[in-house]
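Chains as they are written, first to last, in my numbering: chain A, 1 to 141; chain B, 1 to 141; chain C, 1 to 141; chain D, 1 to 141.
Please note: incorrect hints may appear among the correct ones.
Identical copies look the same in the list; a pair holds intra-copy or inter-copy alike.
[As the list claims (entries may be wrong)] Derived pair list, reagent style EDC-like, types lysine to aspartate or glutamate, alpha-carbon separation capped at 20 Å:
#  : residue 1 : residue 2
1  : K125      : E87
2  : K125      : D77
3  : K127      : E64
4  : K42       : D77
5  : K42       : D122
6  : K42       : D119
7  : K127      : D50
8  : K125      : E64
9  : K42       : D103
10 : K42       : E64
11 : K42       : D134
12 : K42       : E87
13 : K125      : D103
Just so you know, the hints here were simulated from the structure itself, not pulled from any lab data.
Number of protein chains: 4
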Amino acid sequence: MMNQIHTSTVTVHFGDCDPAGIVFFANFSKWMDDASHQYFWKCGLPRWADYHRATGILGTPLVETNHRFVAPATYGDVLTITTTVTEWRARVFIQTHRITRGDTLICEGRETRVFVRPDTQDPTKIKAVAIPADVIAACAA
Amino acid sequence: MMNQIHTSTVTVHFGDCDPAGIVFFANFSKWMDDASHQYFWKCGLPRWADYHRATGILGTPLVETNHRFVAPATYGDVLTITTTVTEWRARVFIQTHRITRGDTLICEGRETRVFVRPDTQDPTKIKAVAIPADVIAACAA
Amino acid sequence: MMNQIHTSTVTVHFGDCDPAGIVFFANFSKWMDDASHQYFWKCGLPRWADYHRATGILGTPLVETNHRFVAPATYGDVLTITTTVTEWRARVFIQTHRITRGDTLICEGRETRVFVRPDTQDPTKIKAVAIPADVIAACAA
Amino acid sequence: MMNQIHTSTVTVHFGDCDPAGIVFFANFSKWMDDASHQYFWKCGLPRWADYHRATGILGTPLVETNHRFVAPATYGDVLTITTTVTEWRARVFIQTHRITRGDTLICEGRETRVFVRPDTQDPTKIKAVAIPADVIAACAA
Numbered sequence: 001m002m003n004q005i006h007t008s009t010v011t012v013h014f015g016d017c018d019p020a021g022i023v024f025f026a027n028f029s030k031w032m033d034d035a036s037h038q039y040f041w042k043c044g045l046p047r048w049a050d051y052h053r054a055t056g057i058l059g060t061p062l063v064e065t066n067h068r069f070v071a072p073a074t075y076g077d078v079l080t081i082t083t084t085v086t087e088w089r090a091r092v093f094i095q096t097h098r099i100t101r102g103d104t105l106i107c108e109g110r111e112t113r114v115f116v117r118p119d120t121q122d123p124t125k126i127k128a129v130a131i132p133a134d135v136i137a138a139c140a141a
Numbered sequence: 001m002m003n004q005i006h007t008s009t010v011t012v013h014f015g016d017c018d019p020a021g022i023v024f025f026a027n028f029s030k031w032m033d034d035a036s037h038q039y040f041w042k043c044g045l046p047r048w049a050d051y052h053r054a055t056g057i058l059g060t061p062l063v064e065t066n067h068r069f070v071a072p073a074t075y076g077d078v079l080t081i082t083t084t085v086t087e088w089r090a091r092v093f094i095q096t097h098r099i100t101r102g103d104t105l106i107c108e109g110r111e112t113r114v115f116v117r118p119d120t121q122d123p124t125k126i127k128a129v130a131i132p133a134d135v136i137a138a139c140a141a
Numbered sequence: 001m002m003n004q005i006h007t008s009t010v011t012v013h014f015g016d017c018d019p020a021g022i023v024f025f026a027n028f029s030k031w032m033d034d035a036s037h038q039y040f041w042k043c044g045l046p047r048w049a050d051y052h053r054a055t056g057i058l059g060t061p062l063v064e065t066n067h068r069f070v071a072p073a074t075y076g077d078v079l080t081i082t083t084t085v086t087e088w089r090a091r092v093f094i095q096t097h098r099i100t101r102g103d104t105l106i107c108e109g110r111e112t113r114v115f116v117r118p119d120t121q122d123p124t125k126i127k128a129v130a131i132p133a134d135v136i137a138a139c140a141a
Numbered sequence: 001m002m003n004q005i006h007t008s009t010v011t012v013h014f015g016d017c018d019p020a021g022i023v024f025f026a027n028f029s030k031w032m033d034d035a036s037h038q039y040f041w042k043c044g045l046p047r048w049a050d051y052h053r054a055t056g057i058l059g060t061p062l063v064e065t066n067h068r069f070v071a072p073a074t075y076g077d078v079l080t081i082t083t084t085v086t087e088w089r090a091r092v093f094i095q096t097h098r099i100t101r102g103d104t105l106i107c108e109g110r111e112t113r114v115f116v117r118p119d120t121q122d123p124t125k126i127k128a129v130a131i132p133a134d135v136i137a138a139c140a141a
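Use the sequences and the hints to build the structure in full.
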């Protein structure tokens, strides 16, 4: 089953760049994280803060990330982030992002995320839950 | 003499917010700095990196900033930054920014900046120069 | 009445620096904000999160900042931040920070902060309260 | 052949944390990048900026990163970063970092890096070079 694909854009700021004059790599993962949030809104889901009030689920923290840096970008560049969900497993899902500038691939990212809620035994802790069915339905292409 | 007024927008990311759930204040000054760059481009000047190659001038580092935080903003908010130059002095100039969300004032900033070039005595150092006449002309309303 | 003076240190990271090879200015204000937290701990007060549980007070958000940038710093530099409270007013207080590298002054900052608690009318809002007497006592030199 | 293992520490700042009150994940990769720089200094090599002047080599940009997030950390925490090089290949090397708080593993990272120099055909571009023999020798345990 395919999921929807959404794009967002980001303009690189001077302060996003490092002494080499190019985007400091950690900013790519920050932007992809934001694209993850935007992806679910564009699929019609509420913001996670509102979803939390309705369901008790807190959002989708990252378990693992993989980033591949292909070409540099610099300030003034307008980048496109193309995001989808490539796999729903029982308790984790895989979200991928491609950052491009025109036809040039800048960076690829693959995030492993979970849905969590507060632990009923110890509410200062969180635990992973099954992927909510309404999320899966909302993202389907 | 009045100068041009330009606006830019920024979308607040989850990663821009702090444990209080609101924009971490230092991001406002980062965004205003970017708005400073964009302001001069919108006035028709080249990027400072290109201006440097043409003139030897390196850009407009900050000498002093003043920020007033009026209301919070959070992730998902789309903010408008309204930027102008309020004063050209002999060796410094004043650039101001207002960040708003709709009609709500979020933050005001006032930056004191200089134009610099490498010091001819010691090229690892920089020194302030007179405000370039072409910059003043380009920004005039 | 004088207040205690405390110092903390920060090592500049590559990723803290901008395309000019020097600390991106907004990081100085981030470090000073952290020095504000550390200052109160060093005066013997609990972390604001713990203070909140005990008193309902949420911390000390910024109302206004003023920064003066005197000399650049770069990655690998170890900076000292010297922090004090220079003034307690009825509802705001002034905290100042000097960042130095050895004998060289890098940056000065002056923060206007308030103590806040949730608004009893609307708990999603906050309102400023009188400076707590135990805070004033703890910080006295 | 084993390489040296070095540690560095970082104190988590309020501004490093996100609305969940925990370290925003991208900061872990920023800190590991800094630990990479520190690792080579601790092995007796010069800063990359000085190494560049001596050899023409510009540093060690990232080609790929993999991060695994095991437990959260929050502001005030003092984290230890344990860094080594696990593999030298012809043109890439693998650097790994473990971030711990006491005995608790917080985050693991694996970076694939290259050594680069300006492209002789087009000095605005960079190209990967063989891992310098003096670097390999300096890092050996």
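Taking the hints in turn, this is what the structure says about them:
| no. | hint | verdict |
| --- | --- | --- |
| 1 | K125 with E87 | neither (26 Å within a copy, 37 Å between copies) |
| 2 | K125 with D77 | between (40 Å within a copy, 17 Å between copies) |
| 3 | K127 with E64 | within (16 Å within a copy, 29 Å between copies) |
| 4 | K42 with D77 | between (24 Å within a copy, 15 Å between copies) |
| 5 | K42 with D122 | neither (33 Å within a copy, 31 Å between copies) |
| 6 | K42 with D119 | neither (29 Å within a copy, 34 Å between copies) |
| 7 | K127 with D50 | within (19 Å within a copy, 24 Å between copies) |
| 8 | K125 with E64 | within (19 Å within a copy, 31 Å between copies) |
| 9 | K42 with D103 | neither (24 Å within a copy, 25 Å between copies) |
| 10 | K42 with E64 | neither (23 Å within a copy, 29 Å between copies) |
| 11 | K42 with D134 | within (14 Å within a copy, 45 Å between copies) |
| 12 | K42 with E87 | within (18 Å within a copy, 42 Å between copies) |
| 13 | K125 with D103 | between (44 Å within a copy, 18 Å between copies) |
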